[in-house]
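Undergrad: Here is what each chain is made of, one letter per residue.
Number of protein chains: 2
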Amino acid sequence: MKKYKRIQRVGALMKIFTERPNHVFSYNYFAEIFNAAKSTISEDIVIVKELVEELQYGKIETITGASGGAVFIPSISLEDTKTILDELCVMFAKPDRIIPGGFIYMTDLFNNPSIVDKIANVISAQFINQELDYIVTVETKGIPLAIMCGKILNVPVAVIRRNNKVTEGATVSINYISGSSKTIQTMSLSKRSLSENSKVLIVDDFMKGGGTAKGIYDMMQEFKAEVIGTAVVIETKEPTEKLVDNYISLLILDSIDQQNKAIKISPNVKLLQ
Amino acid sequence: MKKYKRIQRVGALMKIFTERPNHVFSYNYFAEIFNAAKSTISEDIVIVKELVEELQYGKIETITGASGGAVFIPSISLEDTKTILDELCVMFAKPDRIIPGGFIYMTDLFNNPSIVDKIANVISAQFINQELDYIVTVETKGIPLAIMCGKILNVPVAVIRRNNKVTEGATVSINYISGSSKTIQTMSLSKRSLSENSKVLIVDDFMKGGGTAKGIYDMMQEFKAEVIGTAVVIETKEPTEKLVDNYISLLILDSIDQQNKAIKISPNVKLLQ
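Those protein sequences? They're chains A and B, same order as listed.
The first sequence: position 137 = 137 (the working numbering), numbered continuously.
The second sequence: position 137 = 137 (the working numbering), numbered continuously.
Just so you know, not all the hints are guaranteed correct.
To be verified - For the chain A half of the interface with chain B, some residues (derived, Cβ under 10 Å), not all of them: (1) Val-48; (2) Leu-51; (3) Phe-92; (4) Ile-99; (5) Ile-135; (6) Ile-152; (7) Ala-170; (8) Ile-174; (9) Lys-182; (10) Lys-270.
What the hints assert, rightly or not - The list that follows gives simulated cross-link-like pairs (lysine-lysine, DSS-like), each with its CA atoms no further than 27 Å apart: (11) B:Lys-118 / A:Lys-191; (12) A:Lys-59 / B:Lys-270; (13) B:Lys-214 / B:Lys-224; (14) A:Lys-3 / B:Lys-264.
Derived by calculation from the structure, the hints in this document are not laboratory data.
Idealized CB from N, CA, C, for every residue including glycine.
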């Protein structure tokens, strides 16, 4: 069987850790794929650990003992967070994004994997030390972000539907009042998609009045879930009083001036402290 | 400014390439982040190239000249493909997935990032040598997969909606006939989400009669798009004649026996040759 050089194993380890952050890999697993002794792997991990710290990628935590292993916990520097938020503001504020009705077209950004990946890295870093079982979102625009957060935080995603589908099995449905339009809406979640008593992080693209987030909160109570936090990409400045508290947003949308084709949006300074 | 050892740079390069497959990074970019000469980076890349090939992760292609760079093109071995398809069959065939109406509950699997990631790797490998501009899917269950494929193939995703939304701006809508239920359905795609004359890969979770896929084809014609291929995770064995041809599926669903609680599903052998 093939043997690999240390520099090759270290490179391969970085690939494996990067592909699956927050997942504990056993030394036995590495020993097998690299055809190397566990003591050798252990030395490799020390090098990886040092490089991850020096390059500010986060940290490698090791679990000692017979079932020993290692896990990569990514993080993001304040400087990188600032760069990402500034880039996002430039993208979201492009005047030609204004569409009839005074809305901003954002779908392309929320469906672009490399942009969503950056947003997910910023959000995940805020919750990296929390114990989590699920990411919860409501269809449709927040799904890519929820999946990317789920990948980084290594938890599955539960997607609340606007309609009841036959392929979802038994569902729990609730009615809620949209915070901004004051209309009654329905959301449904398959009973199978979330175990009771789970710890969840709610992720969504946009928050105006907070009605949808409040609806998700209410839904979570039906599942006896504990909401660890709520993260949205953009919140509107007005109304300042949302229907939920204890949420974080990345960007704050101040105003959309249809006449002069100007969008005022800025990074949430709370994330940059 | 900090200097890094070769083994650290090689580890960091593997992280950067893994995070963004199919993206061309310039040597200048690496030289800057590692504070190293371009000739040094060039030597690092040779080591990375060798390790990627030896460990069968795919290949590193280098672009020479003043604007020289390198790109990681991932691949997946036949053996790994087989392992993934077998694992998927076991997961999809669990008897307790059968829900009233003779459907299989699959949502949890399509919303699990690590499972979706594996599926996306198998699908992407089939189209890695094709020039692509977009992944196209229709809401809701295929979105996570489309995003993961988009990440691997480094292209954005366009999501066709079942309903028209005010936040999508001008849309193109078409009616289509569901292949299995023979009902007329509508789908809409924002004009902004797909440039005309694009090359697209259609991705979806499930195909029975092929009506939805046919609908997406028709929609693509409205955008003058060229459909490079269609990939679905599961196709049903019956009907054998689908409304579209030129598609690949990962798994073939033979039968669901509600009485005896048995699901017959198998890997598509075409992918294992």
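Undergrad: Give a verdict on every hint.
TA: Do the hints match the structure? See the list:
Proximity of Val-48 of chain A to chain B holds as hinted, the smallest CB-CB distance being about 6 Å (cut-off 10 Å). Hint status for Leu-51 of chain A relative to chain B: holds, with the closest Cβ pair at about 4 Å, below 10 Å. The restraint placing Phe-92 of chain A at the interface with chain B is violated, with a minimum CB-CB distance near 13 Å, outside the 10 Å limit. Hint status for Ile-99 of chain A relative to chain B: holds, with the closest Cβ pair at about 4 Å, below 10 Å.
The closest approach between the C-beta of Ile-135 of chain A and any C-beta of chain B is roughly 9 Å, which is under the 10 Å cut-off, so the hint is satisfied. Hint status for Ile-152 of chain A relative to chain B: holds, with the closest Cβ pair at about 9 Å, below 10 Å. With 10 Å as the threshold, the beta carbon of Ala-170 of chain A comes within range of chain B, its nearest partner Cβ sitting at about 8 Å, so the hint holds. The interface hint given for Ile-174 of chain A is violated, since its Cβ lies 18 Å from the closest Cβ of chain B, which is over the 10 Å cut-off.
This hint is violated: Lys-182 of chain A has a C-beta 16 Å from the nearest C-beta of chain B, more than the 10 Å allowed. Checking Lys-270 of chain A against chain B by beta carbon gives a least distance of about 26 Å; that is not within 10 Å, so the hint is violated. The suggested pairing of Lys-118 of chain B with Lys-191 of chain A holds, with an alpha-carbon distance near 25 Å, which does not exceed 27 Å. At most 27 Å may separate the alpha-carbon atoms for a hinted pair to count; Lys-59 of chain A and Lys-270 of chain B exceed this at roughly 42 Å.
Proposed proximity of Lys-214 of chain B and Lys-224 of chain B is supported: the alpha carbons are some 15 Å apart, at most 27 Å. Between Lys-3 of chain A and Lys-264 of chain B the alpha-carbon distance is near 41 Å, which puts this suggested pair outside the 27 Å criterion.
Checked against the numbered hints listed earlier, the structure breaks hints 3, 8, 9, 10, 12 and 14; every other hint is satisfied.
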